[in-house]
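Participant: Residue 1 is where the sequence shown starts when you use the UniProt record's numbering, and the numbers rise one by one after that.
The set of hints was computed from the structure by calculation and includes no laboratory data.
C-beta atoms are modelled at their ideal positions from N, C-alpha and C, and glycine is treated no differently.
Watch out, some of these pointers could steer you wrong.
As the list claims (entries may be wrong) - Distance ranges between label pairs, derived from CB positions:
hint, residue 1, residue 2, range
1, Ala203, Leu258, 20 to 30 Å
2, Ala211, Thr126, 24 to 34 Å
3, Gln129, Arg102, 35 to 45 Å
4, Leu34, Leu134, 30 to 40 Å
5, Gln69, Arg108, 41 to 51 Å
6, Lys27, Cys241, 34 to 44 Å
7, His188, Val123, 26 to 36 Å
8, Gly103, Ser73, 36 to 46 Å
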Amino acid sequence: MSGVVVSLCLLVVFVLLCELSRRILTKLLAPRGLCLSAVYAVELVSTLQLCICNLELRLLGEVGRLQPQFCLSLTYLASVVHGLTFHGALGNPCSTLEYTYRGRLTARSGVLRMVCQFMAASVARTMLQGLWALGLSDLHLRHTLQGFQCISPIHTDTHTSLVLPGPLVTAAAVELAGAFAMQTAFTHTHTMDQRYRVHAIAALTATLTYAGGKMTGAVFNPALALSTQFSCSGHSFLDYCLVYWLAPLLGMMCSVLLFDQMLSGRASPYRPLLANKRK
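Full structure from sequences and hints, please.
Facilitator: Below you can see the structure in the form of structure tokens.
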């Protein structure tokens with residue numbers, strides 16, 4: 001239990017430090033005419049927060065072996081916190097591509113945001129491994145002694161194998177369906193009051209995590225997957241690209257094309273959990 005308390009305290013510290021960093025960077029850069037730089041800095045810090053929190057939560061679930069209900073509650077709470085603190089950051093390359101497609105971002109801005117997202121994803125794991133190596137809790141110490149080992153969650157079971165041929169196809173289908181559901185929710189909740197929208201998105205995130213977590217980790221985010229899944233043993237880099245990069249991208253595209261083009265005949269303006277201006 002002490003290990004859980006340490007991890008929860010670290011999560012709170014991470015979020016507070018990231019929020020402080022966002023505010024400081026915005027105040028330092030915006031008055032000097034560096035608004036775009038401030039946007040990219042916020043994107044980097046927010047994605048870093050997302051990846052660090054997910055890595056620590058994954059450690060609690062896998063090494064700490066907490067009850068699934070408690071882990072889902074933490075997932076819901078973390079999603080709400082991210083939605084309230086991102087300050088317009090997207091934190092997801094799929095969302096960035098979709099936002100660029102709708103003309104809400106320039107191509108250059110979209111590319112730079114994705115660079116920030118993947119940079120933050122790469123840095124997050126290195127940072128946490130250094131922190132885990134300090135042995136602040138028994139969970140961290142145990143994980144360090146195991147060489148920060150993680151095993152890919154991609155596998156099939158007797159139910160899904162009757163429908164889909166093989167674990168990779170099953171995993172790709174799960175990630176595609178999850179990304180489709182998330183994108184559809186983002187699109188069709190853009191008129192909701194912010195106070196309710198973050199909870200709706202968080203509830204969907206927790207639900208999808210419960211439904212697909214055992215098969216893929218329920219990531220639905222290429223940058224987050226790079227940080228949390230690509231270093232795990234069990235599958236090749238190309239396998240992970242198929243499941244965690246291509247499948248979510250296709251899921252997002254299916255949602256956009258189906259609901260925006262075929263059904264409504266128009267592109268509904270997507271906005272992240274906190275509204276952005278065109279950058």
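Participant: With reference to the structure, classify each hint as holding or not holding.
Facilitator: Now for the hints, and whether the structure bears them out:
no. : hint                        : result
1   : Ala203 x Leu258: 20 to 30 Å : holds (22 Å)
2   : Ala211 x Thr126: 24 to 34 Å : holds (31 Å)
3   : Gln129 x Arg102: 35 to 45 Å : holds (37 Å)
4   : Leu34 x Leu134: 30 to 40 Å  : holds (35 Å)
5   : Gln69 x Arg108: 41 to 51 Å  : holds (44 Å)
6   : Lys27 x Cys241: 34 to 44 Å  : holds (39 Å)
7   : His188 x Val123: 26 to 36 Å : holds (34 Å)
8   : Gly103 x Ser73: 36 to 46 Å  : holds (38 Å)
In terms of the numbered hints stated before, the structure departs from none.
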